[in-house]
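First to last, the protein sequences are chains S and U. In terms of this note's numbering, the numbers along the first sequence are unbroken and rise by one, the last being 123. In terms of this note's numbering, the numbers along the second sequence are unbroken and rise by one, the last being 120.
Derived from the structure by calculation, the hints contain no laboratory data. Accuracy of the hints is not assured; some may be wrong.
As the list claims (entries may be wrong) - Taking lysine to aspartate or glutamate and the EDC-like style, the derived pairs with C-alpha atoms no more than 20 angstroms apart in a straight line are:
no.: 1; chain 1: S; residue 1: 118; chain 2: S; residue 2: 25
no.: 2; chain 1: U; residue 1: 108; chain 2: S; residue 2: 52
no.: 3; chain 1: U; residue 1: 108; chain 2: S; residue 2: 73
no.: 4; chain 1: S; residue 1: 110; chain 2: U; residue 2: 91
no.: 5; chain 1: S; residue 1: 118; chain 2: S; residue 2: 79
no.: 6; chain 1: S; residue 1: 115; chain 2: S; residue 2: 86
no.: 7; chain 1: U; residue 1: 108; chain 2: U; residue 2: 31
no.: 8; chain 1: U; residue 1: 108; chain 2: S; residue 2: 65
no.: 9; chain 1: S; residue 1: 62; chain 2: S; residue 2: 104
no.: 10; chain 1: U; residue 1: 45; chain 2: S; residue 2: 64
no.: 11; chain 1: S; residue 1: 110; chain 2: U; residue 2: 67
no.: 12; chain 1: S; residue 1: 110; chain 2: S; residue 2: 12
no.: 13; chain 1: U; residue 1: 45; chain 2: S; residue 2: 104
no.: 14; chain 1: S; residue 1: 78; chain 2: S; residue 2: 64
no.: 15; chain 1: U; residue 1: 108; chain 2: S; residue 2: 104
Unchecked claim - Label pairs and their in silico Cβ distance ranges:
no.: 16; chain 1: S; residue 1: 13; chain 2: U; residue 2: 70; range: 39 to 45 angstroms
no.: 17; chain 1: U; residue 1: 31; chain 2: S; residue 2: 69; range: 32 to 38 angstroms
no.: 18; chain 1: S; residue 1: 68; chain 2: U; residue 2: 70; range: 39 to 45 angstroms
Computed from a predicted structure; not experimentally measured. All C-beta atoms, glycine included, are put in the ideal place defined by N, C-alpha and C.
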Amino acid sequence: GDSVTQMEGPVTLSEEAFLTINCTYTATGYPSLFWYVQYPGEGLQLLLKATKADDKGSNKGFEATYRKETTSFHLEKGSVQVSDSAVYFCALSDRGGSEKLVFGKGTKLTVNP
Amino acid sequence: GAVVSQHPSWVICKSGTSVKIECRSLDFQATTMFWYRQFPKQSLMLMATSNEGSKATYEQGVEKDKFLINHASLTLSTLTVTSAHPEDSSFYICSARGAGVREKLFFGSGTQLSVL
Numbered sequence: 011g012d013s014v015t016q017m018e019g020p021v022t023l024s025e026e027a028f029l030t031i032n033c034t035y036t037a038t039g040y041p042s043l044f045w046y047v048q049y050p051g052e053g054l055q056l057l058l059k060a061t062k063a064d065d066k067g068s069n070k071g072f073e074a075t076y077r078k079e080t081t082s083f084h085l086e087k088g089s090v091q092v093s094d095s096a097v098y099f100c101a102l103s104d105r106g107g108s109e110k111l112v113f114g115k116g117t118k119l120t121v122n123p
Numbered sequence: 005g006a007v008v009s010q011h012p013s014w015v016i017c018k019s020g021t022s023v024k025i026e027c028r029s030l031d032f033q034a035t036t037m038f039w040y041r042q043f044p045k046q047s048l049m050l051m052a053t054s055n056e057g058s059k060a061t062y063e064q065g066v067e068k069d070k071f072l073i074n075h076a077s078l079t080l081s082t083l084t085v086t087s088a089h090p091e092d093s094s095f096y097i098c099s100a101r102g103a104g105v106r107e108k109l110f111f112g113s114g115t116q117l118s119v120l
């Protein structure tokens, strides 16, 4: 079945450092890809998404590009802030109509001042 | 933005008792709600999907008699873990989707269940 693999954390960075969180997927068909973020004490929030190959999702300085050839959707940010500390989840949904989300394990990011 | 309230945020119970977790959409009508479970260092796993007014659809391997889901209104879904055992200890998260908003899910903040 469909699955998502993302790099294991935790990841600790200093403020203004470059961030990459790797995410690869396996799926039949052409899934939509998502990054969700969960700040402490809050629910998961959609950070960005891409619905087809070569699409780039972006939000709040974060970017991820849907790479069909490498089945990847890596999350990047050029300069992280303390407020970016959270758990990040990569996910895919089956565009065949079920619309179920398949999540990765989540990566905890801590940004130190 | 849309808010989903999940309650309680954590609960400790004795083995053999039942625990109810509530998921409410506060400012929109949730036609579909999803319940997920996450074990430590594991992925969020979908347990079941429920549409308002109909029976929930459970994922393979999830016992429907153990995890009772009720979605009786457009703003409330409940998950009841019946006769809880220590292996049911996990993090449970609900999400809700409003009418006409595809691929836009709103998540609760989760419930940490510990069964002693």
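Here is what the structure says about each hint:
1. 118(S) with 25(S): Roughly 15 angstroms separates the two Cα atoms, so the pair holds.
2. 108(U) with 52(S): holds (17 angstroms)
3. 108(U) with 73(S): Since the Cα atoms of residue 108(U) and residue 73(S) sit roughly 19 angstroms apart, the hinted pair holds (cutoff 20 angstroms).
4. 110(S) with 91(U): violated (25 angstroms)
5. 118(S) with 79(S): Given pair residue 118(S), residue 79(S) is violated - Cα atoms ~27 angstroms apart, limit 20 angstroms.
6. 115(S) with 86(S): Distance ~18 angstroms between residue 115(S) and residue 86(S) Cα, so the pair holds.
7. 108(U) with 31(U): At roughly 14 angstroms apart (the allowed maximum being 20 angstroms), residue 31(U) and residue 108(U) satisfy the hint.
8. 108(U) with 65(S): holds (18 angstroms)
9. 62(S) with 104(S): Holds, at roughly 12 angstroms.
10. 45(U) with 64(S): violated (30 angstroms)
11. 110(S) with 67(U): holds (19 angstroms)
12. 110(S) with 12(S): holds (10 angstroms)
13. 45(U) with 104(S): violated (24 angstroms)
14. 78(S) with 64(S): holds (7 angstroms)
15. 108(U) with 104(S): holds (14 angstroms)
16. 13(S) with 70(U): 39 to 45 angstroms: With Cβ atoms ~25 angstroms apart, the hint is violated.
17. 31(U) with 69(S): 32 to 38 angstroms: violated (22 angstroms)
18. 68(S) with 70(U): 39 to 45 angstroms: Because 42 angstroms falls inside the window, the suggested range holds.
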